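Q: Each chain, written out:
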Amino acid sequence: MSVRDDIAARMPGGDAGLIVATLATAYILYVLAGVVLGYDLRGQLNSLATLTFYIGVFAMLSLALNLHWGYTGLFNIGIVGFMAVGVYVMALVSKPLYVAGGAAQVGGLGLPLIVGIIAGMVAAALLGFVVALPALRLRADYLAIVTIAMSEIVRFSFLSGELQQFQLLGTRVGFGGGSGLILDFVPPLEALFRSVGLWGVYLGFVDATKVIVPTNPKPVVDGLIYGLLLLAGVTVFFWLLKRTGESPFGRVLKAIREDEDVANALGKDTDRFKIKSFMLGCALMGLAGILWLMPQGAVTPNFFRPRVTFFIWIALIIGGAGSNTGSVLGGATFAALLYQGPRYFQNLVTTVLPNLDSPPGFGQAVGPLISQLDPVPFLLYTIDSIRQLQLVVMGLVLIWLMHNRPEGLLGHRKETASVISLSRPKAAAAATDGGSADGDVQTDGGVDVADSNGGVDDE
Amino acid sequence: MSDASQPVDEVATKVDEGALGSFASGVQTTEEYPLRVEGLRKSFGGITAVDGATFQVESGSLTGLIGPNGAGKSTTFNLITGMIKPDAGTVTFNGEDITGRDPHEVANRGMVRTFQIARELSEMTVLENMMLAPQRQRGEELWRSVLPGVRNDVREQEEELLERVWEVLDFFDIDHIAEEYAGNLSGGQRKLLEMARALLTDPDMLLLDEPFAGVNPTLEKKLLKHIHELREQGYTFLLVEHDMDLIMNNCEHVIVLHQGRVLTEGTPNDIRSNEEVIEAYLGGNV
Numbered sequence: 467m468s469v470r471d472d473i474a475a476r477m478p479g480g481d482a483g484l485i486v487a488t489l490a491t492a493y494i495l496y497v498l499a500g501v502v503l504g505y506d507l508r509g510q511l512n513s514l515a516t517l518t519f520y521i522g523v524f525a526m527l528s529l530a531l532n533l534h535w536g537y538t539g540l541f542n543i544g545i546v547g548f549m550a551v552g553v554y555v556m557a558l559v560s561k562p563l564y565v566a567g568g569a570a571q572v573g574g575l576g577l578p579l580i581v582g583i584i585a586g587m588v589a590a591a592l593l594g595f596v597v598a599l600p601a602l603r604l605r606a607d608y609l610a611i612v613t614i615a616m617s618e619i620v621r622f623s624f625l626s627g628e629l630q631q632f633q634l635l636g637t638r639v640g641f642g643g644g645s646g647l648i649l650d651f652v653p654p655l656e657a658l659f660r661s662v663g664l665w666g667v668y669l670g671f672v673d674a675t676k677v678i679v680p681t682n683p684k685p686v687v688d689g690l691i692y693g694l695l696l697l698a699g700v701t702v703f704f705w706l707l708k709r710t711g712e713s714p715f716g717r718v719l720k721a722i723r724e725d726e727d728v729a730n731a732l733g734k735d736t737d738r739f740k741i742k743s744f745m746l747g748c749a750l751m752g753l754a755g756i757l758w759l760m761p762q763g764a765v766t767p768n769f770f771r772p773r774v775t776f777f778i779w780i781a782l783i784i785g786g787a788g789s790n791t792g793s794v795l796g797g798a799t800f801a802a803l804l805y806q807g808p809r810y811f812q813n814l815v816t817t818v819l820p821n822l823d824s825p826p827g828f829g830q831a832v833g834p835l836i837s838q839l840d841p842v843p844f845l846l847y848t849i850d851s852i853r854q855l856q857l858v859v860m861g862l863v864l865i866w867l868m869h870n871r872p873e874g875l876l877g878h879r880k881e882t883a884s885v886i887s888l889s890r891p892k893a894a895a896a897a898t899d900g901g902s903a904d905g906d907v908q909t910d911g912g913v914d915v916a917d918s919n920g921g922v923d924d925e
Numbered sequence: 304m305s306d307a308s309q310p311v312d313e314v315a316t317k318v319d320e321g322a323l324g325s326f327a328s329g330v331q332t333t334e335e336y337p338l339r340v341e342g343l344r345k346s347f348g349g350i351t352a353v354d355g356a357t358f359q360v361e362s363g364s365l366t367g368l369i370g371p372n373g374a375g376k377s378t379t380f381n382l383i384t385g386m387i388k389p390d391a392g393t394v395t396f397n398g399e400d401i402t403g404r405d406p407h408e409v410a411n412r413g414m415v416r417t418f419q420i421a422r423e424l425s426e427m428t429v430l431e432n433m434m435l436a437p438q439r440q441r442g443e444e445l446w447r448s449v450l451p452g453v454r455n456d457v458r459e460q461e462e463e464l465l466e467r468v469w470e471v472l473d474f475f476d477i478d479h480i481a482e483e484y485a486g487n488l489s490g491g492q493r494k495l496l497e498m499a500r501a502l503l504t505d506p507d508m509l510l511l512d513e514p515f516a517g518v519n520p521t522l523e524k525k526l527l528k529h530i531h532e533l534r535e536q537g538y539t540f541l542l543v544e545h546d547m548d549l550i551m552n553n554c555e556h557v558i559v560l561h562q563g564r565v566l567t568e569g570t571p572n573d574i575r576s577n578e579e580v581i582e583a584y585l586g587g588n589v
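Chains as they are written, first to last, in my numbering: chain A, 467 to 925; chain B, 304 to 589.
Read the hints as simulated data drawn from the structure, not as lab findings. Keep in mind that this is a model prediction, so the values were computed, not measured. All C-beta atoms, glycine included, are put in the ideal place defined by N, C-alpha and C. Worth double-checking, as some hints may not be accurate.
Unchecked claim - Just so you have them, the derived chain B footprint on chain A, three or more residues with Cβ under 8 Å: (1) 481–490; (2) 619–631; (3) 720–733.
Stated by the list, open to error - Heads up, incomplete: computed chain B residues facing chain A, CB under 7 Å, no partners named: (4) G403; (5) R404; (6) P406; (7) R416; (8) Q419; (9) E431; (10) V449; (11) V457; (12) E461.
As the list claims (entries may be wrong) - Derived DEER-like restraints, expressed as beta-carbon distance ranges: (13) A:P600 x B:G355: 42 to 52 Å; (14) A:P600 x B:T357: 32 to 42 Å; (15) B:T357 x A:S623: 52 to 62 Å; (16) A:L495 x B:E466: 48 to 58 Å; (17) B:T357 x A:D727: 18 to 28 Å; (18) B:G355 x A:S626: 52 to 62 Å; (19) B:A516 x A:Q854: 33 to 43 Å; (20) A:R738 x B:E335: 29 to 39 Å; (21) B:E335 x A:I611: 46 to 56 Å.
Work the whole structure out from these sequences, hints included.
A: Here it is as structure tokens:
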């Protein structure tokens with residue numbers, strides 16, 4: 467096997483150990499970067515909270531995509547559409563009722579946040595159903611076309627003036643159109659802690675952290691706690707999808723991925739399985755979208771451009787499609803290195819080398835490289851525009867992976883699709899062990915098969 | 304029947320009659336002819352692949368379906384099992400009209416096929432391949448597999464299934480490769496896996512599409528032995544095969560397809576001496 471498989475095999479705790487090690491490495495790197503950048507404690511904590519946030523959302527989304535692609539072989543490139551529907555429906559349900567003269571142009575139905583979240587997930591799943599029904603009967607590529615088209619239709623629908631505001635149940639609601647929608651419901655953390663009656667305790671805890679962060683610690687603590695909640699969300703996603711995969715249901719999904727005709731010929735109603743798997747994944751994508759945008763204060767349709775979908779695909783491919791641990795690892799690696807990394811790298815370089823002026827344009831950057839073989843201006847220019855080059859870097863990583871490690875970091879797909887271990891049950895093992903030593907295997911029924919091993923092996 | 308019994312005994316002398324009793328839950332075919340095909344017709348563009356084929360398969364028999372290339376054997380198989388829909392004609396299985404049903408519905412009713420080129424599920428282990436096959440698994444409902452508590456029911460059934468799976472693996476002598484990925488198997492092992500898998504669906508009838516193609520003589524003997532053992536348990540077999548000797552020596556009834564129609568049918572001896580069959584194979588307008 468390849469080198470990385472060895473690493474995974476040698477890692478204490480196996481895949482889980484690898485995930486912990488990766489997360490630890492990422493956090494240490496970010497703390498070190500923070501030290502070099504001269505962050506104070508508040509800055510460090512904020513930077514870690516942001517990192518945790520992105521690790522959380524990308525891990526959740528790549529887990530959901532793994533159910534579609536890694537397990538069922540469904541080529542969904544409209545992820546962002548399901549996220550958008552999740553968020554917007556949640557906002558519609560949970561925003562407070564419209565009050566004339568308020569900051570928000572439109573209101574919502576004023577229902578509790580949890581109702582909104584469930585409604586958002588259900589809406590995403592139903593959209594998945596509508597999309598899947600015609601497309602799943604066709605081959606994989608058609609589903610891809612349908613889903614990406616759907617995600618753009620969703621984005622343009624939320625952009626459109628028609629849906630900007632309308633009357634629903636006698637109150638003024640809407641999706642805000644291109645200018646965005648203010649998410650003026652109770653902040654999610656507050657809603658969560660109030661619902662379990664711990665809001666006072668939480669505020670006390672925030673107050674106590676003044677020892678560490680003297681002024682206004684609440685945003686910092688909020689960010690960190692929300693990050694931890696997202697990691698808890700990743701755990702729930704992981705648990706759910708692991709159980710889904712390691713079951714007869716997951717077995718059929720795997721079989722569909724491998725060869726749908728075979729699964730069908732063995733009596734499995736593959737369309738039903740595909741639709742269920744697709745809807746579950748879409749609901750989870752809706753939830754991940756909600757968790758991503760809920761604390762942001764506002765949402766605009768143009769956040770949901772297809773590039774976000776491809777970010778999630780890159781995360782999954784880095785980690786390894788078909789493996790839940792791989793999905794988490796991919797999400798974390800993507801968030802730390804490719805999504806947040808370039809910005810930190812640029813800041814680091816400009817902090818360490820503050821006096822370097824990068825050339826103002828591409829011509830001035832390339833000119834010295836060609837005329838005097840001087841690469842410095844070009845390098846400086848590259849670093850200066852690294853955030854614009856982020857997509858290029860991602861593309862290069864993707865190409866490299868496709869050539870050198872198409873199965874991703876943990877794409878071994880060794881998660882057995884069964885509720886139980888499939889090794890031979892003990893009673894049966896005892897019955898046959900005695901005979902196998904001399905090659906004279908006797909099965910329970912007494913079929914003499916000693917002569918046939920050669921026939922099977924020598925193909 | 305008397306023609307066929309001789310080679311059967313030769314191959315399967317050592318077989319205990321109850322060898323499969325433990326995992327074959329009994330075949331419930333009541334019809335004398337579980338499979339009846341009437342006037343089946345299918346054309347692709349201008350080519351009529353199957354042109355009014357009519358035949359029936361006797362319960363508990365090993366029936367061979369032969370014919371020159373392009374006679375419509377594979378298409379007939381696909382039509383019977385619902386992989387493609389016929390233009391006309393009916394397929395009746397155990398007294399029920401299954402014409403145009405989806406493959407999974409046909410399989411659920413107890414008729415399971417194997418494929419000409421073994422189609423293993425490569426990135427699943429042999430065990431996973433086998434565990435997939437049994438019908439009506441509780442855990443195929445998502446909620447049962449996920450929710451705590453009810454998952455124990457699933458676990459229980461999985462344990463029962465696993466025992467059966469290992470028995471069948473032993474029977475087909477592929478227990479030593481149980482943990483392998485199916486994609487790593489040799490051609491012959493794939494054939495064994497495919498038949499074992501089909502058997503685990505607990506069918507009444509098995510449709511085998513060229514099960515011996517690309518299989519070495521030792522393995523061929525072994526596969527035949529398995530087929531005869533299973534037939535004695537009451538399974539019905541319909542077999543597409545190119546190897547004439549093999550069909551003649553093992554099947555008690557042979558159906559000859561030619562240009563999408565049944566040219567003739569009968570015992571191997573009838574077929575052997577039939578002028579039309581010789582014509583179809585050796586000259587004629589194939």
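Q: In this structure, is the beta-carbon distance linking T357 (chain B) and D727 (chain A) contained in 18 to 28 Å?
A: Because 27 Å falls inside the window, the suggested range holds.
Q: Tell me if R416 (chain B) is really an interface residue toward chain A, meaning its C-beta lies closer than 7 Å to one of theirs.
A: Interface hint status for R416 (chain B): holds (6 Å vs cutoff 7 Å).
Q: Is the distance from the Cβ of G355 (chain B) to the Cβ of S626 (chain A) consistent with 52 to 62 Å?
A: holds (57 Å)
Q: Does the Cβ distance between L495 (chain A) and E466 (chain B) fall inside 48 to 58 Å?
A: holds (50 Å)
Q: Next item in the hint list is E461 (chain B). Is there a CB on chain A closer than 7 Å to its CB?
A: holds (5 Å)
Q: For the hint on V457 (chain B), does the least C-beta distance to chain A fall short of 7 Å?
A: OK, holds: V457 (chain B) within 7 Å of chain A, min 5 Å.
Q: Check the following: the C-beta atoms of A516 (chain B) and Q854 (chain A) are separated by a distance inside 33 to 43 Å.
A: violated (58 Å)
Q: Could one say that the CB atoms of R738 (chain A) and E335 (chain B) fall in the range 29 to 39 Å?
A: holds (35 Å)
Q: With 32 to 42 Å as the target window, see if P600 (chain A) and T357 (chain B) comply at their CB atoms.
A: Since P600 (chain A) and T357 (chain B) have Cβ atoms about 37 Å apart, the given range 32 to 42 Å holds.
Q: Under 7 Å is the threshold here; is the Cβ of V449 (chain B) close enough to any Cβ of chain A for the hint to stand?
A: This hint holds: V449 (chain B) lies near chain A, its Cβ roughly 5 Å from the closest one there, short of 7 Å.
Q: So, G403 (chain B) near chain A? Judge it on the closest CB pair being under 7 Å.
A: At 14 Å from the nearest chain A Cβ, G403 (chain B) fails the 7 Å test, so the hint is violated.
Q: Should the interface hint for R404 (chain B) be scored as holding, given a Cβ-Cβ cut-off of 7 Å against chain A?
A: violated (11 Å)
When held up to the earlier numbered hints, the structure conflicts with 1, 2, 4, 5, 8, 13, 19 and fits the remainder.
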